[in-house]
Each structure stands twice: as C-alpha cells, then as structure tokens.
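Heads up: the sequence shown at position 160 corresponds to 159 in numbering that gives the first Met the number 0, and the numbers run straight through without jumps.
Hints in this document: simulated from the structure, not taken from any laboratory.
Accuracy of the hints is not assured; some may be wrong.
What the hints assert, rightly or not - Label pairs and their calculated CB-CB ranges:
(1) 5 x 154: 30 to 40 Å
(2) 202 x 166: 18 to 28 Å
(3) 67 x 144: 36 to 46 Å
(4) 125 x 5: 39 to 49 Å
(5) 36 x 8: 32 to 42 Å
(6) 67 x 8: 23 to 33 Å
(7) 32 x 149: 31 to 41 Å
(8) 56 x 36: 34 to 44 Å
(9) 100 x 224: 32 to 42 Å
(10) 150 x 225: 28 to 38 Å
Source: prediction; values computed, not measured.
Glycine is no exception: its CB is placed at the ideal position from the N, C-alpha and C atoms.
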Amino acid sequence: MAASRTHPGVLWVVNDSGNAPTIHALALDGTLVASIPVDGENIDWEDLALGPGPGGDHLYVADIGDNRFRRESVTILRLREPDPLDPPGIAVPDRLEVTYPDGPADAEAVVVEPDGDVLMISKVVLGEGTVYRVPASAWAEGAVRATAVGTVDIGLLGLVTAADASVDGTLVAVRTYTDVFLFSGSDPVDALVSGDRCAAPTPSERQGEAITVLGDGFVTIGEGIGEPVWRVDR
0 MAASRTHPGV LWVVNDSGNA PTIHALALDG TLVASIPVDG ENIDWEDLAL GPGPGGDHLY
60 VADIGDNRFR RESVTILRLR EPDPLDPPGI AVPDRLEVTY PDGPADAEAV VVEPDGDVLM
120 ISKVVLGEGT VYRVPASAWA EGAVRATAVG TVDIGLLGLV TAADASVDGT LVAVRTYTDV
180 FLFSGSDPVD ALVSGDRCAA PTPSERQGEA ITVLGDGFVT IGEGIGEPVW RVDR
C-alpha cells in the first residue's frame, strides 16, 4: 500500500499472487476510486511503494514473494503515478530484474529512499531480516544484483510483511503479521539498521500485510475481503 502525495486522500493498493496485475486506488474510507490494469504479470506481488522517478512520483510494485526460495530473480515494476480520476486504459511500467547476492530470498517489503534507491527487507523466521539495496541507476540497465546493507531487528519471531518510509526518509514503518514498529534515523538505511525503534499501536487484523506512512502516522489494511482501513496518528 502507498499513500498518494499528489492526490490527497488516495491510497494505492495491490493484491498478491493469484490475482490480476492491477493497481487499485481507494479513498481513506475504503471506497474504490479506480482499478488500473498493469502491462505485466503478477507472479507474487507483495508490496507497493511511492517514490521519485523520471518526471515525478512513481509507484513501485514489488513482485518479490518467494516463499519456497525457488526464484532465481525477482521483479520490481515502476510506473508514473496515474491520475485516479482520469486513469489510463492500461499502465505500462518499467521493469527491473533483481537477483540477490546470496541466492534466493523471500521478501515482502520495499521502501523507496528519497533519492530513488529501493530497499527490500527479507522475511526471516527466527532471525533478523536482511536489508538489500537496489540503486536508482539500475533502471537504465534493466537488471541488477542487489547489495546487502545490514539487518533489521524486529524480535525473534518477527516476520516483515510490509514497510514504508516518510517523505524525508527519517521514519520507517515496518509491519509484521501482528505488530507495527517505527524506526527513526538520518535516512531509511540508518533507521532500519542502527536507528531507534519503538512498537506502535497496532490494529487487530487477521493478517497484517500492508502499511503506508501518512502524515505523522500510518495506515494499515489487513489481507482479505472486507477488511477495514485503519489509521493511527501520533
């Protein structure tokens, strides 16, 4: 999930594997505003982020799920943020093929840094998730090997299912199935790897897999049909 900065009150969301490659625009009350098909494939879309790109804000769709560690590479799609009130018939994204430095990894969270670099956080049982960086310059090549830049501690049983950063990158919200943690630092990597961490009030959801920073708080939506939209303000 990603909160629009150009269209106040709009949340962009996606469904994961088994669903069509489509991005949806929701109002804050959960009302569907628009559904826009994306030219591509939804192997296992797991997260969505907003960040800079050529000519303005772009949506970054993370097709990075790999529960069985079988994918030799994963894909990030980048598309100029559409106008939800005048949507295109189909959105044509840029594609970036990503490999990991240490073999297949399961990841469900992406953060776009203020400079356009993309961070992916692996989902690890009984351990710390690895933070991988993909440089913004990689889009010119179309393929890249990510670099591990550190690990993030969310507790022994924490499984990272989503993440998002504030516009200035000094606050990162990290979602697990049951909890939300807020990290602060000079930039997203500093916040996640060595910054301050605190647990945040977390709505009760059956399966927490989406979060976006909004204003001085955050919004979450649980996975499933008819799940409510929750907003938490500081």
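Take the C-beta atom of residue 67 and the C-beta atom of residue 144, compute their distance, and say whether it sits inside 36 to 46 Å.
21 Å, violated
Quick check: does the Cβ-Cβ distance between residue 125 and residue 5 fall within 39 to 49 Å?
41 Å, holds
Hint says 31 to 41 Å; check whether the CB-CB distance for residue 32 and residue 149 agrees.
Because 37 Å falls inside the window, the suggested range holds.
Per the hint of 28 to 38 Å, is the separation of the Cβ atoms of residue 150 and residue 225 within bounds?
36 Å, holds
Is the hinted range of 30 to 40 Å satisfied by the C-beta distance from residue 5 to residue 154?
36 Å Cβ-Cβ, so the 30 to 40 Å window holds.
Could you see if the CB distance from residue 56 to residue 36 stays within 34 to 44 Å?
20 Å, violated
Hint says 32 to 42 Å; check whether the CB-CB distance for residue 100 and residue 224 agrees.
Once the Cβ atoms are compared, 38 Å apart, the range 32 to 42 Å for residue 224 and residue 100 holds.
At the C-beta level, are residue 36 and residue 8 separated by a distance inside 32 to 42 Å?
Violated, at about 23 Å.
Whether the CB-CB distance between residue 67 and residue 8 falls inside 23 to 33 Å:
38 Å, violated
Verdict for residue 202, residue 166 (Cβ pair) under range 18 to 28 Å:
23 Å, holds
Hint violations for this structure: numbers 3, 5, 6 and 8, all remaining hints satisfied.
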